[in-house]
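S.K.: Chain by chain, the residues run as shown.
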Amino acid sequence: MADANPLSRLVRPLLAIVVLVSIWQLTISLTGVPRYILPTPLAVARALFEQRALLEQHAMITAIEIVAGLVGGVVLGLATALALARFRPLRRTLLPLLLVSQAIPLFALAPILMLWLGYGLLPKILMAMVIIYFPVASTGYDGLRQTPQGWLDLADTFGLTRRQRLLKVQLPAALPSLASGLRMAASAAPIGAVIGEWVGASRGLGYLMLNANARLQIDVMFAALVVLVMFAVILYFGVDAAVRAAMPWHRDRVTPPA
Amino acid sequence: MPPPGLEIHRASLTFGERPLFRDLQARFEAGSWTCLLGRSGSGKSSLLRMIAGLALPDNHQLDLATSDGRPLRRRLAWMAQQDLLVPWQRVIGNVMLGAKWRGTSTNADRQRAMHLLERVGLAAKADEWPAALSGGQRQRVALARTLFEDASVVLMDEPFSAVDAITRLELHEVASTLLAGRTVLMVTHDPLEALRLADHLLVLQGEPANLVSIPVPAGTRPRALADDDLQRRQAALVAQLREPTDG
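For the protein sequence lines, the chains are Y and V, in the order given. For the first sequence, the residue numbers in our numbering are 143 to 400. For the second sequence, the residue numbers in our numbering are 397 to 643.
What the hints contain is simulated information worked out from the structure, not anything from laboratory work. One thing to keep in mind: the hints can contain errors.
[Unchecked claim] Chain V is nowhere near these chain Y residues, computed Cβ spacing over 10 angstroms in every case:
#, residue
1, 155
2, 162
3, 184
4, 187
5, 192
6, 193
7, 254
8, 294
9, 304
10, 306
11, 307
12, 315
13, 317
14, 356
15, 391
[What the hints assert, rightly or not] No farther apart than 20 angstroms at their CA atoms in a straight line, the calculated lysine to any residue pairs in the SDA-like style are these:
#, chain 1, residue 1, chain 2, residue 2
16, V, 521, Y, 302
17, V, 496, Y, 388
18, V, 496, Y, 302
[Claimed, not checked] Coverage of chain V stretches by chain Y, computed from C-beta distances (three or more under 8 angstroms per stretch; other residues unrestricted):
#, region
19, 482-493
20, 617-627
Only a predicted model underlies this, so the values are computations on that prediction, with no experimental measurement involved. From the three backbone atoms N, C-alpha and C, an ideal C-beta is built for every residue, glycine too.
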């Protein structure tokens, strides 16, 4: 059972972080790994503080790329799912294409996007969109076509149009399935943006990491990584909270006594 | 507007290569309650789906006529074995689901839905999520949703078979009162339920199946369980349903 106490809900993840950092420090103390391979937690914390202006500047860029990519990918993915569910001829042409698009390695796509769109924000946003689009489109479409027959029967006897049936019956019925797609998308979004920055950029956390690596500023590299992890975590829990708010009946479900 | 009677002709259903029934015909009297009884796999639920105009995977054919000559579409309400409550609407929203889904719901609809909830004894649960209800309560909400459509023809496919025996008997009384005056066609596999509720009782039996009309006990719906006549007829009906089906 989940603990309802908000304090202990906060304490447990913090405890996990403390344990991880301790293992990190212990590894360095025991093995004597050199600084330029693995900096100490303290050195990374110092870099986080001392370089905060630099980190903030690059983090903003990456954040914009991730959020824009997430919004664009979700909107496009959802639109694709609805269109696939609504128009049968579209399924035959678009569905195989969608599956093939998944076979393209993202890393191979990145240089092409750079070539066409330059080194600005746009190719990174597109990378994030591409990586988000598929899980949203596929879980959305799966959810839309797995509406229980009984609800479709009701919709028929209620005299709904196909459009009403799609939006009022199939879409809410698909929400739980779509929610898992959105959670997947949220954790994948930073990957797309950072890959884009690695391939070619002059700003962003991915660029900062490569740059710091080249200059042997390993503590800055780790600091950038910490910021990126924080982004991913915030994004995941943010999307999770939004998804829960969209499905209030899941939250205060009363479970019958065993 | 008085409820229409229904007539079916040339009803045929083939399951793979096997004909379940062929060229059936039947009349369902206006404003009366007809029970369609049969064992599992007899095709009784499929026949009901055909009348409702719902999708069926198998080969089927049916000529349907109403006594007033107007189409049945938009005048029928459907109730299934599952309550079919949607988890994303509260209880009151599930009662007025038809209006919600058609995008026509008004304040008057809400009041009517509330009134129907009172009549099935669940007014206090109006703002709960369906997940908080028991199986019997959910089926009562489904009944209120069926009534909300205010249809003159009500088609029910084993509506009370998923609840416990006592709840089923209670639901018989509620449904009996609330559905009075409509043309009701109910599929069931429970001889007792059929004998309690039916004005007319048809048994779908044989291979391929025929519709056999069975006399029902006297008295008003729902007939008492202790009724001697009802008990006798139940024994006879069970014996008939157990006959080998190659007749």
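S.K.: All the hints need checking, so say for each whether the structure fits it.
M.R.: Hints, verified against the model:
| no. | hint | in the structure |
| --- | --- | --- |
| 1 | 155 | 29 angstroms, holds |
| 2 | 162 | 38 angstroms, holds |
| 3 | 184 | 50 angstroms, holds |
| 4 | 187 | 46 angstroms, holds |
| 5 | 192 | 50 angstroms, holds |
| 6 | 193 | 47 angstroms, holds |
| 7 | 254 | 42 angstroms, holds |
| 8 | 294 | 8 angstroms, violated |
| 9 | 304 | 12 angstroms, holds |
| 10 | 306 | 6 angstroms, violated |
| 11 | 307 | 8 angstroms, violated |
| 12 | 315 | 8 angstroms, violated |
| 13 | 317 | 7 angstroms, violated |
| 14 | 356 | 53 angstroms, holds |
| 15 | 391 | 5 angstroms, violated |
| 16 | V:521 / Y:302 | 27 angstroms, violated |
| 17 | V:496 / Y:388 | 18 angstroms, holds |
| 18 | V:496 / Y:302 | 11 angstroms, holds |
| 19 | 482-493 | holds (count 4) |
| 20 | 617-627 | violated (count 0) |
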